[in-house]
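Line by line, the protein sequences give chains A and B. With the first letter of the first sequence counted as 1, position 34 gets the number 67 in our numbering; the numbers rise by one all the way through. With the first letter of the second sequence counted as 1, position 107 gets the number 119 in our numbering; the numbers rise by one all the way through.
No wet-lab data here; the hints were simulated from the structure. The structure displayed is predicted, hence computed values, not measured ones. Hints are supplied without guarantee of correctness; some may be wrong.
Here are a few chain A residues that sit away from chain B, every Cβ distance over 10 Å (derived from the structure) [said to hold, decoys possible]: (1) L54; (2) L70; (3) L75; (4) S93; (5) I115; (6) Q127; (7) A164; (8) Q166; (9) F211; (10) M213; (11) R221; (12) P247; (13) A261; (14) W296; (15) R311.
Listed below are the simulated DSS-like cross-link pairs for lysine-lysine, each with C-alpha atoms no more than 27 Å apart in a straight line [what the hints assert, rightly or not]: (16) B:K90 - B:K239; (17) A:K268 - A:K58; (18) B:K117 - A:K262; (19) A:K244 - B:K138; (20) A:K158 - B:K239; (21) B:K184 - B:K168; (22) B:K90 - A:K244; (23) A:K262 - B:K138; (24) B:K239 - A:K262; (25) B:K226 - A:K262; (26) A:K268 - B:K138; (27) A:K268 - B:K184.
Idealized CB from N, CA, C, for every residue including glycine.
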Amino acid sequence: MFEYCADPGSLDSLQWWSCYLTTVKQVMFYKSFGTVLALLFLTAPVILLFGFGGAMARRSRVLPLRWFGLAYSSMVRGIPDIIFFMFALIALDQGIEYIRHITLCPDWTEPVRQGNDFVVCPQAKMPLSSAPQWVHQIYGFFLAVIGFAFVFGAFAANTLYGAFQAVPHAQLETAAAFGMSRAKMFRRILLPQMWVYALPGLSNLWMILIKATPLLFLLGVQDIVYWAKELGGAKTARFTYPHGDWRLGYFLVLLVFYLALTWLSERVFERLTRRVSRGQATMGGTT
Amino acid sequence: MSLCAQEFSDYALRAIGIGERLLPKHDITLCDQFVLIGSGMMWNIYFAVLAVFFGFFLATAVALARASDRWFFRLPAKAFIFVIRGSPLFIQFFIAYEAFVLIPKMGIDINLGFTEITVETRWLTKAWLGALIVLFLNTSAYTAQIFHGALMSVPKGDLEAADAIGLSGFKKFRRIVFPAMLRLAWPSYTNEAIFLFHATTLVFFSSFPAWRQKGDALYYASYFADKTFDPFIPYPIIALYFVIFTLLLTLLFSFAGRRLNRHIRKDHQ
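Take the sequences, apply the hints, and build the full model.
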């Protein structure tokens, strides 16, 4: 970064730090904070979508669909989310490759499962083994987004279902008395009002989501945990910037990052709650 | 033909180091998976039971400190709750492990009167103690927040009634405030216990190494998924185990909850 960084061994501490903190790997560490934030902001809408679908399915008049919605929204209560991540990711990966396999190589005769191996034809590999490194990374990130959305969508389905149920029944009866159709009632009465009831649950879910982002590391994405371990590990004198085991320090930085993020989110949700409860017939709305 | 008898005798106690030393490597059968993952569940249950049990007492203390008028009780309690609830458990595991590793290795003799035991600091780097401490602190903070909320919503009438019949100090707390707080907190507390039980799967997945492959259920499930490259068997098995034990936990808590509410008329609930 700086010119005097050519020979770090000879620098005094201030300059040494300025060089150390601007190495290429350090900058990748800083950028990985962006990865975490990107995951948060990309998955949030997808989670809402999944949750909305789940809640709608659970409210459906079609019995099998209702069962599906119920099963989807209650599974997270019984099974740890991390098991879903581990499962959903491999299953999704293998599923995509299997579908590509049967469409791209129809005349491949060998079975896909050979003992302990999962073998698809080379053209069906996802991403192709010839693809550059960044494609692999983007694909891994994409899978992680889907995995997160699937698991937390189930949480959201629970919250949204409860919110739909919480809208006062008299409101719907009035709408029906005005001759609104079921769809119109949903759009005009139910949907605008349920957000007040959903917000506490959704803000809680957002907090859980923030605190689940280190799981990205387990899914093989190069996130902040990965870089903290990588950079914090002891470096012998053979390295340009030798230092002892600094992982504790790096993790403390992550701790501060997460505390700031949750603290900030709490403030934002407080304001949002005040905003949506304006004009509602609730305790928060009347003041 | 007995069901999985061989596998059972080999691997039923594998998670605590009793039985066959080597894990199955090839020709992995359904029996292997069921028995070994079930064996790992012992660790999940061990962590959950002890953390929730000890956490209950610390949580009560922290909740009371949080509600105290004195700042030197209130502020540390607030800070403790903020730091633990505001950061991922995953990071807490990492930090605790790195910190425990830095503690110098030594033994401290503790005289128990009838016998003397040596407490060694290197136990902290082992999952059975180190991870238990992290889980214990974690659940204490979450539970303290729940208990504090419940404490704030204990009906004023109850407190006035207690004053009126001349209860005060610890007696008032023990007879009136504490039971009312528990009753109000119970549904959320049940949720927290379930969350903690599920969080035990993180222990061997984050920093604490599984010594001699003695791991929890998820450790073995992912071992099988790696070996067979087939996630569709081990993960549903571990999911089944967790569903069963979560149901059991819910039942246990609802039983306790009914006992807490036994004097309240049904139509008032």
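Taking the hints in turn, this is what the structure says about them:
no. : hint            : verdict
1   : L54             : holds, 20 Å
2   : L70             : holds, 15 Å
3   : L75             : holds, 19 Å
4   : S93             : holds, 24 Å
5   : I115            : violated, 5 Å
6   : Q127            : violated, 7 Å
7   : A164            : holds, 21 Å
8   : Q166            : holds, 23 Å
9   : F211            : holds, 35 Å
10  : M213            : holds, 35 Å
11  : R221            : holds, 33 Å
12  : P247            : violated, 4 Å
13  : A261            : violated, 8 Å
14  : W296            : violated, 6 Å
15  : R311            : holds, 25 Å
16  : B:K90 - B:K239  : violated, 46 Å
17  : A:K268 - A:K58  : holds, 13 Å
18  : B:K117 - A:K262 : holds, 23 Å
19  : A:K244 - B:K138 : holds, 24 Å
20  : A:K158 - B:K239 : holds, 20 Å
21  : B:K184 - B:K168 : holds, 13 Å
22  : B:K90 - A:K244  : holds, 19 Å
23  : A:K262 - B:K138 : holds, 19 Å
24  : B:K239 - A:K262 : holds, 26 Å
25  : B:K226 - A:K262 : holds, 24 Å
26  : A:K268 - B:K138 : holds, 25 Å
27  : A:K268 - B:K184 : violated, 59 Å
Violated hints, in rising order: 5, 6, 12, 13, 14, 16, 27; the structure is consistent with all others.
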